Amino acid sequence: DTAVSQTPKYLVTQMGNDKSIKCEQNLGHDTMYWYKQDSKKFLKIMFSYNNKELIINETVPNRFSPKSPDKAHLNLHINSLELGDSAVYFCASSQDLKSGQWYNEQFFGPGTRLTVL
Amino acid sequence: RKEVEQDPGPFNVPEGATVAFNCTYSNSASQSFFWYRQDCRKEPKLLMSVYSSGNEDGRFTAQLNRASQYISLLIRDSKLSDSATYLCVVGSGGYQKVTFGTGTKLQVIP
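So the protein sequences, as listed, match chains Y and W.
Sequential numbering of the first sequence, starting at 46, is according to the working numbering.
Sequential numbering of the second sequence, starting at 93, is according to the working numbering.
Note that these hints are calculated values from the structure, not bench results.
Don't take every hint at face value.
To be verified - Keeping only pairs whose Cα atoms sit at most 27 angstroms apart, straight-line, the calculated DSSO-like set for lysine-lysine is:
#	chain 1	residue 1	chain 2	residue 2
1	W	K189	Y	K81
2	Y	K116	W	K137
3	Y	K112	Y	K81
4	Y	K112	W	K189
Stated by the list, open to error - Computed, partial: chain Y to chain W, Cβ under 7 angstroms:
#	residue
5	P53
6	T76
7	K86
8	F87
9	L88
10	I100
11	I101
12	F135
13	S139
14	Y148
15	E150
16	F153
17	P155
From a predicted model like this one, the values you see are computed outputs, not experimental measurements.
Backbone N, C-alpha and C define an ideal beta-carbon position, used for all residues, glycine too.
With the sequences and hints as input, model every part of the structure.
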């Protein structure tokens, strides 16, 4: 059973287009994330949601808009795609924290490889 | 200074060798530390958490040095299947917000 799934796996599109990436987790987790991994393999947090509420919003162009219809889904919509948006986008999820915890293991989806031409 | 820094490598080691990676972090208030592993064109996966007292999981040993602000990962008796990129991960601010290092690439050679 797939724990964190993303669609599509590959996305090739022209500059200026608008595209969406979908993410779903069946782990019952309350927190979900979007990360961007660039060509230098640097993995950087973009957004995170806890129970459908935005809690982390890093310095990301406002062309990127996350949406969480429920706690099992976190989608990413990108407007007016640019060449620099080409990267692998990973969705991840983690359990809510228990008392005394600071962080939990994050489970990643397989990634969406976005190429902007 | 980057929040989390790692030597990118690659580290090319023969099978059976012992190899160690270090990672430094800049925020002295950091609370949680992890090593993740990422295979080529795959997603990162948790390898192990790093505890203050140090911890071991089979051939893997992780250590934390808060005074010098670094964590380390030691791999003994390297296997071909250990070839991957090892990501140092530090939690230091915000709800479950962690920062990933750029990774250290390990290649184990037959």
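Now for the hints, and whether the structure bears them out:
1. K189/W <-> K81/Y: holds (14 angstroms)
2. K116/Y <-> K137/W: Cα-Cα ~22 angstroms, so holds.
3. K112/Y <-> K81/Y: holds (16 angstroms)
4. K112/Y <-> K189/W: Distance of about 19 angstroms is within 27 angstroms: holds.
5. P53: Interface hint status for P53/Y: violated (15 angstroms vs cutoff 7 angstroms).
6. T76: holds (6 angstroms)
7. K86: holds (6 angstroms)
8. F87: Cβ of F87/Y sits 5 angstroms from chain W, so the hint holds.
9. L88: holds (4 angstroms)
10. I100: For I100/Y, the interface hint holds, since the closest Cβ of chain W sits about 5 angstroms away, which is under 7 angstroms.
11. I101: holds (5 angstroms)
12. F135: With a closest approach of 6 angstroms, the F135/Y hint holds.
13. S139: holds (6 angstroms)
14. Y148: holds (4 angstroms)
15. E150: holds (5 angstroms)
16. F153: Holds. Min distance 4 angstroms.
17. P155: The hint holds - P155/Y has a Cβ within 7 angstroms of chain W, the shortest such distance being about 6 angstroms.
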